[in-house]
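Listed below are the residues making up each chain.
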Amino acid sequence: MRIGTLKQSYIADAALFDSRTQKAWLAIGAALLVLFPFMASDYWLYLACLVAINVASATGLNILTGYTGLVSLGQAAFMGLGAYTVAIMQTRLGTPFLLNIVAGGVVAMLGGLVVGLPSLRVKGLYLAIATIAASFIAHFLFANLKLTGGTSGLSLPPAQFFGLPLDTSFRLYWVIVPVMVLMVLGAANLFRTRVGRAFIAIRDRDISAEVLGIPLLRYKLLSFGLSSFYAGVAGGLWAYFFRVVTPESFPLLMSIFFLAAIIVGGMGTILGGIFGAVFMTMVPELLKLVVDLLPGGVEMTVFLSPVRTVVFGLLIVGFLVFEPHGLAEVWRRIRRFFHLWPFRN
Amino acid sequence: MMDWAYLFEIALTGIAGGGLYALAALAFVLVYKATRVVNIAIGEMLMVGAYLFFAFAASFSLPIWLAVLGSVIGTGLLGAVIERTMIRPLLGEPPISVFMVTVGLASILVGLVEIIWTADQRRLPEFLPKAPVMIGDAFLAPKIAYGALIAVVLIGLVLLLFRFWRGGVALRATASDQAAAYSMGINVPRVFSLAWVASAMIAAVAGIIVGAIGGISSSMGVFGLSVLVVVIVGGLDSVLGALVGGLFIGLVEALAGSYLGGEYKLLATFIVLVLVLMVRPYGLFGTHEIERL
Chain A
1 MRIGTLKQSY IADAALFDSR TQKAWLAIGA ALLVLFPFMA SDYWLYLACL VAINVASATG
61 LNILTGYTGL VSLGQAAFMG LGAYTVAIMQ TRLGTPFLLN IVAGGVVAML GGLVVGLPSL
121 RVKGLYLAIA TIAASFIAHF LFANLKLTGG TSGLSLPPAQ FFGLPLDTSF RLYWVIVPVM
181 VLMVLGAANL FRTRVGRAFI AIRDRDISAE VLGIPLLRYK LLSFGLSSFY AGVAGGLWAY
241 FFRVVTPESF PLLMSIFFLA AIIVGGMGTI LGGIFGAVFM TMVPELLKLV VDLLPGGVEM
301 TVFLSPVRTV VFGLLIVGFL VFEPHGLAEV WRRIRRFFHL WPFRN
Chain B
346 MMDWAYLFEI ALTGIAGGGL YALAALAFVL VYKATRVVNI AIGEMLMVGA YLFFAFAASF
406 SLPIWLAVLG SVIGTGLLGA VIERTMIRPL LGEPPISVFM VTVGLASILV GLVEIIWTAD
466 QRRLPEFLPK APVMIGDAFL APKIAYGALI AVVLIGLVLL LFRFWRGGVA LRATASDQAA
526 AYSMGINVPR VFSLAWVASA MIAAVAGIIV GAIGGISSSM GVFGLSVLVV VIVGGLDSVL
586 GALVGGLFIG LVEALAGSYL GGEYKLLATF IVLVLVLMVR PYGLFGTHEI ERL
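Chains as they are written, first to last, in the numbering used here: chain A, 1 to 345; chain B, 346 to 638.
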């Protein structure tokens, strides 16, 4: 049982993993991630890969929206940029897998810098809607350029990883999940650095931050760039996972999905991005299971898609009204309960 | 060689269609001015109005005027329910939370409509006159012309109400300074409800006209995206901006649609949006808020 933490130096205070209990849990989590593919069925592996991709992208959006306070509805467009870059490099140039993924991230980052440019003048909701514009323009380009294969899109061969084709969920898992873990750790570390702290200062009050000597444009652009880099890498993994990229793959609804994920999970916490992405990806699947269990399943499946839409909306509204800090806050309450037990809490 | 008559005809159609944007934008600005809520679900509320009209007019085969009345009142009730259950609990929360609530609301409304009426496209019963309208030598599709006419009359009516009716005055007072309005004895929470109800009612009328022109489906809410562009271009809190922006975006869409192709419509409006935001971040007629520490 952990009663409290005694920290005797700033280094200990700023440590990424601060207690032994936490380290133990993380080790268990890592072990589970390694063991999972050997125990799970193909369906669950497929879901796990999808969840990992969504976690990566949601974490990126969380850097921008949760930590820097810049609301973006363009995350899907940046994922699309990454996915198309990967698809084009793979089919035209045949460059290696890792290089493509990184290139996808970089191209998306450049796109993010362009979209982020107005962020100094335009704020809050105006910015959110300006990013909708970005996603429409991106969709138009994907659908009309020769390079991107027009409306029919591009299809990819399976990725090659040191001569091994990544053509099953089992093999892809070993690439997607480590990349996701690396990116989440990177984000967690970011907020122990000068840059991350500047982001938080900008979120809390951007004018104060500027007065304190934080160059707003540079840091806002940096945040946009980082977040779209995450989106681009996630999009690249997405492209290898589904092996076909079309303009319809990255609709505005997908951007809303990621924003909803970090709201449901908890904005401005690393754990929140993970919880939110897992939860929002799994809910439709769970709904499907429930519908399958219900009597008269055939007629019920007609309603599956609209019911999903309603549940999606209810989750957003419900969390904002009743649990505005998201699942991460619920998690913290549970932890506190166990820390303080058997005393009142 | 430009075909001037053709251009004139297209511009006319665009401006008439813009009247509908202006009407929907008015519904949006009403809520924004009173409650500072960016209602991204405006297109979906429009859709609900159109579907209620469909239910009353086609399924229950009520007379048209009764169906219109029923759908306007029904959508107004919906507005009141939304305000009570989703917007009021979030008073004082950051604007982005309330914005996201309306995103969720949009999703709920689309899902409900699909559960009740399925996602298929449907046609509303014909109720607008069918005789073509000629302005000079230009031909204007009757539905669009009469739709624009109704929109203009309604906009005029709403503006008069704001100026002279007590509730309208209370609304304007709340919009300009909430605390002062409160201390002068205006029931601010009731004004909030009023704004949502009125906005939902206007949206219902806009929805019925839009549905009468182009049919209704569960993806009708896309109309709301253009409305969003209209209000951002005009300025979120400006009634004049909503009117001018509506006509302007209607014109841009019509020109882009007929000279470049249908897929350029939304692209053109969003490019206009970006350009306006770069020059005037608070819209053409919006209030420029000065920030202090």
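Keep in mind that the hints are not guaranteed to be accurate.
To be verified - Label pairs and their computed distance ranges (CB to CB):
#1 F161/A - R625/B: 43 to 53 Å
#2 P434/B - I28/A: 37 to 47 Å
#3 V283/A - W349/B: 52 to 62 Å
#4 E210/A - R625/B: 16 to 26 Å
Worth flagging that the hints you see were computed from the coordinates, not collected in a lab. The beta-carbon is built from N, C-alpha and C at its ideal position, and this holds for glycine as well.
Here is how each hint holds up against the structure:
1. F161/A - R625/B: 43 to 53 Å: 51 Å, holds
2. P434/B - I28/A: 37 to 47 Å: This hint holds: roughly 38 Å between Cβ atoms.
3. V283/A - W349/B: 52 to 62 Å: 56 Å, holds
4. E210/A - R625/B: 16 to 26 Å: 22 Å, holds
Violated hints are absent here; each numbered hint is respected by the structure.
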